[in-house]
Every structure is written in structure tokens, then in C-alpha cells.
Amino acid sequence: MNVNKRQSKLVSLKDAAALVDDGNRIAIGGFGVYQHPMAFVYELIRQKKKDLTVVGIVNGNDVDILAGAGCLRRVETSYVGFEKFGLAPNFRRSVEAGELEIVDYPEILSMDRFRASQENFSFWPAYFLGGNDLLRINPDIKPFDCPLTGKKAWAVPPADPDVVVIHATLGDEYGNVLVPTRRLTPQSLDITMARSCDKVIVTVEKIVSTQKIRRHPHLVEIPSYRTTAVVEVPWGAHPTSVLGVYGGDDDHVRHYLEAAKSPDTFRQYLDEYVYGVERHTDYLNKIGLEALLSLRKMDIAL
Amino acid sequence: MREANLYEIITVALAHDLKDGELGFTGLTTGDGAARFATSIPLAAAQLARLTHAPNLTIMLAGWVHNPNLRQLTRLPNSEFDEELRDLECEAQSRGFPNHPWAIKRGDIDFGFASGAQVDKYGNINSVCIGDYRNPKVRLIGPVLQPEHMTLFGREYVMMAQHDARRFVEKVDFISGVGYPGGQAGRRELGIEWGGPELVFTPKCIFDFDKEAGRMRVKSIHPGIGIDDLRASTGFDLGPLDDVPLTRLPEPEELELLRNEVDPYGLLLPTT
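As given, the protein sequences belong to chains A and B, one line each in that order.
Numbering-wise, the first sequence is residues 1 to 302 according to my numbering.
Numbering-wise, the second sequence is residues 1 to 272 according to my numbering.
Please keep in mind that the hints were generated in silico from the structure rather than gathered at the bench.
On a predicted model such as this, the values are computed, not experimentally measured, just so you know.
Where is the CB? At the ideal position from N, CA and C, for every residue including glycine.
Misleading hints may appear alongside valid ones.
Keeping only pairs whose Cα atoms sit at most 20 Å apart, straight-line, the calculated SDA-like set for lysine to any residue is [said to hold, decoys possible]:
hint, chain 1, residue 1, chain 2, residue 2
1, B, K211, B, P181
2, A, K84, B, D237
3, A, K151, B, R75
4, B, K137, A, I137
A short list of chain A residues far from chain B (calculated; beta carbon distances all over 12 Å) [what the hints assert, rightly or not]:
hint, residue
5, Q35
6, R115
7, P223
8, L289
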């Protein structure tokens with residue numbers, strides 16, 4: 001009788017990022033300035049990925065730094081910006097220079113595109129796009145009349161990412177990933193994204209035992225068979241927030257935005273915080289213990 | 001009693017337009033002036049309406065916090081999705097897409113609030129770019145939820161914190177939210193079944209629409225604003241303005257409610 005051991009999916013950040021190929025369509029979890037897998041994004045930059053397409057919903061820090069590091073060819077999303085901090089400087093510069101292709105989608109439709117991929121639909125129907133210039137600039141959206149009612153409609157292409165990367169709080173080595181019940185839009189969209197693709201990478205704040213996970217099975221929104229690789233990265237979303245774990249690092253974001261005012265100073269930022277960093281803990285040392293502790297949240301319960 | 005300031009005047013005018021039983025959607029806009037117009041004024045107006053003629057109105061903060069207890073707040077939140085809003089006392093919460101409690105495409109949301117870098121005389125709005133799309137002078141944030149606001153919501157209030165000829169233009173550089181091209185008939189031809197801009201609030205005036213013609217027009221001018229100033233601040237022809245009334249001032253009872261019940265700590269509206 002052949003008895004095999006269950007396979008661990010726990011890998012290093014380096015090995016996980018190596019799963020992304022140049023030219024891939026990548027969906028990055030999180031929303032605006034919340035809960036992006038930033039440590040993973042930094043590793044993509046260190047590995048000098050090229051010609052990536054980010055397919056997203058509401059993007060911020062993730063797309064801006066990838067744009068500034070020259071990793072992107074195209075972005076399909078409804079928003080790129082820093083919310084209360086303002087516009088995304090690297091993204092803006094790249095688009096204005098004609099170096100980065102942007103394809104704008106409405107916000108709800110950007111979410112629906114991932115649902116289309118989950119359902120394996122060849123398109124998602126939209127009925128509210130008439131007159132919008134989004135149609136003028138996007139040849140991938142095709143008009144049709146509903147075959148049942150004759151209603152004017154548009155076929156919107158699914159998101160169809162090659163790889164999805166999200167950042168969550170807890171998981172086990174087999175890739176069971178837990179999402180708190182008090183979740184909000186960023187966490188809910190991460191779950192939607194994780195069901196839209198067959199290559200799903202999850203970075204987690206902490207790896208816990210499967211025994212512990214099994215006592216909270218109702219919180220496992222991404223079971224192990226949906227996960228390709230899991231990586232333990234504490235503070236892995238910094239400087240964005242993780243709900244119930246830590247808040248966004250506003251001071252660091254302001255420092256980033258100051259550096260991003262010119263390509264030269266931004267290059268120095270990348271040298272210091274990305275290229276010049278071997279391990280994620282080295283990055284955290286640069287941010288400093290006091291700064292990190294000041295951001296810490298401690299939820300009463302999940 | 002102190003005279004009503006601009007924000008109070010706009011808040012009360014907006015409150016009058018909200019109806020009992022409706023569901024309203026406010027986003028969390030940031031930046032001082034913009035937040036005041038697109039978030040604070042709508043929240044204050046909805047709460048005033050709830051305390052007067054519309055007790056069954058539901059208003060959402062940040063698109064997901066239903067009927068929040070704003071008196072619990074010591075400052076206006078500046079993050080859409082953090083613990084502060086999650087733990088704010090309210091009537092219902094949404095945990096996010098696709099499990100929102102409302103059915104947006106069925107028309108559940110009666111009214112919402114948008115703003116843009118540009119708005120034109122047809123009521124189109126733009127938050128995508130200034131200049132040519134492929135070669136923009138300024139690349140902005142993107143369409144976000146504007147396409148949905150302007151077609152799926154029952155009606156839209158466009159909240160413009162600044163009124164000048166750069167923002168109020170003949171034709172927007174990019175239509176990311178559709179107004180009335182070709183009027184109501186034009187919208188129907190485009191397959192749009194309902195919705196569209198209803199009123200535009202600015203520091204100088206309130207616009208409404210001749211929906212058949214598909215044109216924005218001045219509904220009322222705020223006290224202290226001259227007609228020449230209004231024309232110079234608007235990049236399209238406003239037509240005759242001699243018969244346009246002044247924006248109605250709040251009743252003393254409304255001001256009292258607004259100051260003492262809706263916003264006792266001056267969180268939403270300036271107190272001077």
C-alpha cells in the first residue's frame with residue numbers, strides 16, 4: 001500500500017513571486033489603500049518582472065509602485081489613486097508619457113469581470129454603458145441585443161487573470177485561508193478574486209496549525225484546493241492596512257508620495273525600500289518598531 | 001440666531017429634495033472642500049430629512065454603513081474601510097461585493113452624490129482625464145462608480161465644491177458619467193432606463209435640468225452672488241438669468257434642528 005504525505009504549500013516570498021511570469025495578467029488583492037499584498041509586490045519588483053497587466057477593481061499603492069518600477073504594460077481597472085492622499089504620481093506620469101496603457105472599467109463591472117471568470121463565462125452582460133466614453137476607448141467591449149428581450153446590452157470581457165495574489169490574516173501550510181466574518185469590501189473582493197483563477201497565491205500575516213483552522217471552519221473562505229502557494233509575511237501589507245490587525249502607515253505613504261514626485265527621487269526610494277532589501281524583515285527594520293507598533297490594532301474577536 | 005451660512009443653505013435645499021422611504025448612497029470623499037460638498041452636506045441633509053418629513057429614509061455612509069449614528073463621531077472619517085467605520089453604531093452594514101444588501105442593478109438606490117473634475121452643460125461628468133484620452137494632459141483617478149451612479153441610481157446630485165470655468169465646461173474631455181445627451185429621449189436611445197443628474201450644487205448656485213432638451217439651467221442663485229460672477233465662472237452659456245430666484249433660506253426651525261440635533265458638534269458643517 002502506498003501512503004503519501006499531505007503536501008505543504010508553504011513557500012518563500014521569492015519562490016511565490018517566481019510563479020509570476022513576464023507578460024502575465026495579474027490580479028492584486030486589496031482595494032484603494034487597503035490590504036494590498038505589498039511585500040509580494042516588492043518581490044515582483046526585485047525580480048524585475050516585465051510587461052505585466054494588472055487587472056483590478058480599485059487600485060492604489062500596488063499599481064503605482066509597479067508603474068514606477070517599470071514592471072507594467074497595461075492596467076485594467078476603475079480607479080488608481082491614493083484616496084485621501086490624492087492622485088497616484090507614478091501611474092499618472094507613466095500614462096501621461098504614453099508608457100503605460102490604461103483601460104478604464106466601471107467599478108461594479110470591474111468586480112463583475114471576476115465573477116464572470118469564476119463562472120467561466122465568456123462575457124458578462126452590462127446594460128448601462130450607453131453614451132459612456134468607456135465604450136469609445138475599449139474595443140474589447142462589444143454591443144449586442146439581448147436574444148430574449150431585445151434589450152440593448154454590452155458584452156464585457158471577463159477578468160481572466162493568469163495569477164491572483166491576495167494578503168490575508170491567517171492560513172495553514174496547506175493553503176486553507178481564513179477571512180474574518182466582520183469583513184468589508186476589500187476582504188470580500190479578495191475572496192471573489194481567489195475564485196476567479198487557478199493560480200492563487202496568498203500571503204498571510206501568520207501561519208497557524210491546521211488543528212486551529214479546523215476549529216474555525218466557517219471562516220475558511222479559501223480552502224486549500226483553491227490555493228497554489230501560501231507565504232507567511234507578517235506586516236505583509238505595509239504601508240496599507242489589514243483590517244483588525246494594523247492600520248495604514250500614513251507617514252510612510254506621505255514619504256512615498258514625496259519621493260514619487262520625480263523619477264530620480266523615486267529611484268532612490270526603490271533603492272532603499274525594495275532593491276536594497278534582501279528579506280522582508282529588513283524592510284520592517286527600516287520602517288522601525290515604534291512606527292509599526294503605533295499602527296497595531298487588536299480586535300476583541302474575529 | 002446666527003444667519004445661515006452657505007453650507008447650511010445648501011444642506012436644507014438638498015434635504016427638501018429627498019423623499020420619505022428612499023435609499024441614498026454617499027461615498028467617502030476626501031479633501032476639505034470636496035468632502036464637505038460630497039459627503040458632509042449629503043449626510044447632514046439626509047439626517048435633517050429623517051428628523052422632519054422623511055423618517056423612513058435610509059442613508060448610507062461610504063456606501064455601506066446604513067443610518068450611522070453620526071453623533072458618535074468626533075471627526076469625519078477619512079478611511080472607507082477601517083475599524084472606525086466598522087465599529088460605528090448603525091442600522092445595517094454591508095460586507096461588500098457581491099453580497100451587498102441592496103440590488104444596485106434593480107434600481108434599489110434612489111439617489112447618490114457625485115463630483116468630477118469637469119461637468120458640462122449636458123450634465124455629463126468626467127473624472128478620467130483632462131485632454132486627449134491617449135495623450136492626456138492630466139491623468140485622473142478613473143471612472144470609479146460614476147458610470148453606475150449616473151445610470152443605475154434613481155437620480156444623482158452632482159456636488160461641486162468649486163465653481164469655475166475650468167470645471168463647468170461646454171463639453172467634458174471624457175464622459176465617465178452620462179448626463180442628458182439628446183435629452184431624456186437620447187438617454188432612452190442609449191439603452192439607459194432611468195436615472196441621471198437631478199441637481200448640481202455649487203458655492204454659487206443650484207442647477208437643475210431641462211430634461212427634454214438635455215440642458216443644465218440655473219435654478220437658483222445663492223445670496224450674495226452676482227449674475228456677472230456666475231456667468232464668468234461658467235464655461236457655457238447660461239441663457240437669461242433675470243428671473244432666476246435667490247436660493248431659499250432655511251426656516252429658523254430647520255436651522256435649529258440642523259445645529260442642535262443633526263450636527264451639534266459642528267462635525268459636518270462649518271459653524272461660522
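Hint check against the structure, violated hint numbers in rising order | Those not satisfied are hints 2, 3, 5 and 6.
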